[in-house]
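> The residues making up each chain are set out below.
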Amino acid sequence: MTDEKNTEKPARKPRILDRKTQEARRRFLRSLGLAAGVVTASVVGFIPVLRGYNPRLRPPGALAEDEFLASCIKCGQCVQVCPVEAIFLADIMDGFGNGTPHIDARAQACDFSCDGLQCVLACPTGSLSHDTNYPHQVRIGFAELARPDLCLAMQGKGFKGRIRAGEAGFNGLFRYAELDRWNPLPITEQEFDREICDLCIVHCPIEIRRNQCEAGEPPAGDLNQCPPTRAIGLEPDPGGGMRPVIYEGCVGCGACEMACPVTPAAIVVDMTKNADTVKA
Amino acid sequence: MKSLGESFMQLLGRAPTKPGKDDIAPKAQEIHFYKRSQKLDMDEVRRLHDEKPDKNKWLKRRWATLLFVNLLFVVSYYFDIQLLEGALTASRFLGFHMADLNSALQVMLAFKTVLINLLIGTVTVFVLWFLVGGRSFCSWVCPYHLLSEWAERIHLWLAKKKLVKDIPFHRAIRSVFYVIFALLALATGYTVFEAISPTGIVSRAIIYGPSLALLWVLFLLLFEIFVSRRAWCRYVCPIGITYGVVGLLSPMRVTYVLEDCKHEGDCRKVCLVPHVLDVTIKGRATDTRVPIGADCTRCGMCVDVCPTNSLRYEFSWLEKLK
Chain A
1 MTDEKNTEKP ARKPRILDRK TQEARRRFLR SLGLAAGVVT ASVVGFIPVL RGYNPRLRPP
61 GALAEDEFLA SCIKCGQCVQ VCPVEAIFLA DIMDGFGNGT PHIDARAQAC DFSCDGLQCV
121 LACPTGSLSH DTNYPHQVRI GFAELARPDL CLAMQGKGFK GRIRAGEAGF NGLFRYAELD
181 RWNPLPITEQ EFDREICDLC IVHCPIEIRR NQCEAGEPPA GDLNQCPPTR AIGLEPDPGG
241 GMRPVIYEGC VGCGACEMAC PVTPAAIVVD MTKNADTVKA
Chain B
281 MKSLGESFMQ LLGRAPTKPG KDDIAPKAQE IHFYKRSQKL DMDEVRRLHD EKPDKNKWLK
341 RRWATLLFVN LLFVVSYYFD IQLLEGALTA SRFLGFHMAD LNSALQVMLA FKTVLINLLI
401 GTVTVFVLWF LVGGRSFCSW VCPYHLLSEW AERIHLWLAK KKLVKDIPFH RAIRSVFYVI
461 FALLALATGY TVFEAISPTG IVSRAIIYGP SLALLWVLFL LLFEIFVSRR AWCRYVCPIG
521 ITYGVVGLLS PMRVTYVLED CKHEGDCRKV CLVPHVLDVT IKGRATDTRV PIGADCTRCG
581 MCVDVCPTNS LRYEFSWLEK LK
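Those protein sequence lines, which keep their order, are chains A and B.
Residue numbering for the first sequence is 1 to 280, as defined by this note's numbering.
Residue numbering for the second sequence is 281 to 602, as defined by this note's numbering.
Some hints could be false.
What the hints assert, rightly or not - Each computed DSS-like pair below joins lysine-lysine, with the alpha-carbon atoms no more than 25 Å apart:
1. Lys319/B x Lys337/B
2. Lys337/B x Lys549/B
3. Lys301/B x Lys315/B
4. Lys549/B x Lys298/B
5. Lys445/B x Lys20/A
6. Lys442/B x Lys20/A
7. Lys20/A x Lys562/B
8. Lys301/B x Lys319/B
9. Lys20/A x Lys298/B
10. Lys332/B x Lys319/B
11. Lys600/B x Lys307/B
12. Lys549/B x Lys20/A
13. Lys298/B x Lys315/B
14. Lys319/B x Lys600/B
15. Lys562/B x Lys301/B
Keep in mind the hints are simulated off the structure, nothing from the lab.
Isolated chain A, as found in the complex:
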């Protein structure tokens, strides 16, 4: 009996140990596999960011795109405070930008009807920089006359009726201060009759503020609200019509794009440009 035990023991022991270490080894390799899988899944988010698949208009006061993506905590407080509900959160196709806020100007531009830049105040991380106090200090994007041939003013035409009234799914809001100081109204419900179409200028929040200031009635009685430079104006075009010209004071809010009565919009905020690329 004792002999048997002695011969069996060394043979058995390694086998039992082996199974245990084998399982431990398998578990270790599996865990490495899990790590590789999850890290790959997370790093895939780099692709849309690096390639710039989804250029976005960020809310007013947004830091340079890289800093913005680094600092945004993706809580959506800016979404919640916007009175015209212009801000939406990006989805997973934006990669690392998943959950970050952006604006689709044609659907609903920022019209600064909150006056106080509520989204900036709401931002807990300063992604929307707290250094911004007034609409004219903002640089959301760069407006440009992308389709001059479609522009009514360029053709010397006027506009009569309602803007984009028949367009399915469009219910953009704009604050017409002379109609209602506090509540933004649906654009499609307003009647217009312009000899030469200047709806982009009529809807420009910067121009509106400048006009108010010139009339001696700055917004909220605060002279700081007065934009120092013009944003947009009509100038005679060599071709015969009037050309909407964008000036230094444009903040890229996209109100002109939203209010442009032709489809597709003649004037748009250029998605390929932003405050970072243009400065550089």
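The hints should help you fit chain B onto chain A, whose structure is shown.
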């Protein structure tokens, strides 16, 4: 202090260590000695469990709390009453800043700036979750936890029918993930983890409407149903470690009382982090009362399932007053 180190190491992924004889208090040794002659009577265990007045007491309370908190965000936004604005990653409760600790950490690592509002929110949330138990965030608030619990039930049902088998990973992999995600944020300057965190994705989906990102969450749930039980919370999520650290010294915890325990092990079967309950294995408890470690999510499943009331919620500061 020794138990604190043990608790921390378990949180990071080390297997619980068996206590040596010298580590066990004499009173506990007495009980262990007496219990050695006791046979486990499963009929008695079942009878005792059936006699409990409410077998889902804490489950009900917890699910109600979780749904309440998450719906409070929705109600606040929908009716614009500014009660609880934002999402779980960062919010304002009655105007006070709150920031999820892990999200805030990711942002600070990526942005490399400490923002004052974020710091205020972080401190508030730190104090709050320190008081209510650290990882209690996971089981009492995180909406993914609830989805994961439902997935777990499907997994267990399938496992009972021998259709699936739980494939475990090494728990230390979660600590590796923690370091990886911290380094990724630091190196890339993007909050990489936030983009794939199901906690943030589900929270935003509840408040701002469904997103394609939910497909990723669905994938995770399917993985948990068919491959590995509760895989995300157990092996991946860095949020769990962050709040686990907060809970290391938290007064709010589940406490194990050795005396009446039958050691039948039902608590370890229902637990998300069963290693913290190794103390309930016969002969393991170092004292007659042992607080459960930091990795415990204070979900109360063990409290509900325990037939002898040997696991119970305790607020240690109150215990000292008694």
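> Each of the hints needs a verdict: does it hold here or not?
Checked hints:
1. Lys319/B x Lys337/B: violated (29 Å)
2. Lys337/B x Lys549/B: holds (18 Å)
3. Lys301/B x Lys315/B: holds (16 Å)
4. Lys549/B x Lys298/B: holds (20 Å)
5. Lys445/B x Lys20/A: holds (19 Å)
6. Lys442/B x Lys20/A: With a Cα-Cα distance of about 23 Å, the restraint between Lys442/B and Lys20/A holds, given a limit of 25 Å.
7. Lys20/A x Lys562/B: Measuring from Cα to Cα gives roughly 23 Å; hence the hint holds.
8. Lys301/B x Lys319/B: holds (22 Å)
9. Lys20/A x Lys298/B: Between Lys20/A and Lys298/B the Cα gap is close to 19 Å, so the pair holds against 25 Å.
10. Lys332/B x Lys319/B: holds (22 Å)
11. Lys600/B x Lys307/B: holds (20 Å)
12. Lys549/B x Lys20/A: holds (22 Å)
13. Lys298/B x Lys315/B: holds (18 Å)
14. Lys319/B x Lys600/B: Distance of about 35 Å is beyond 25 Å: violated.
15. Lys562/B x Lys301/B: Holds - the C-alpha atoms of Lys301/B and Lys562/B are around 13 Å apart, at most 25 Å.
Violated hints, in rising order: 1 and 14; the structure is consistent with all others.
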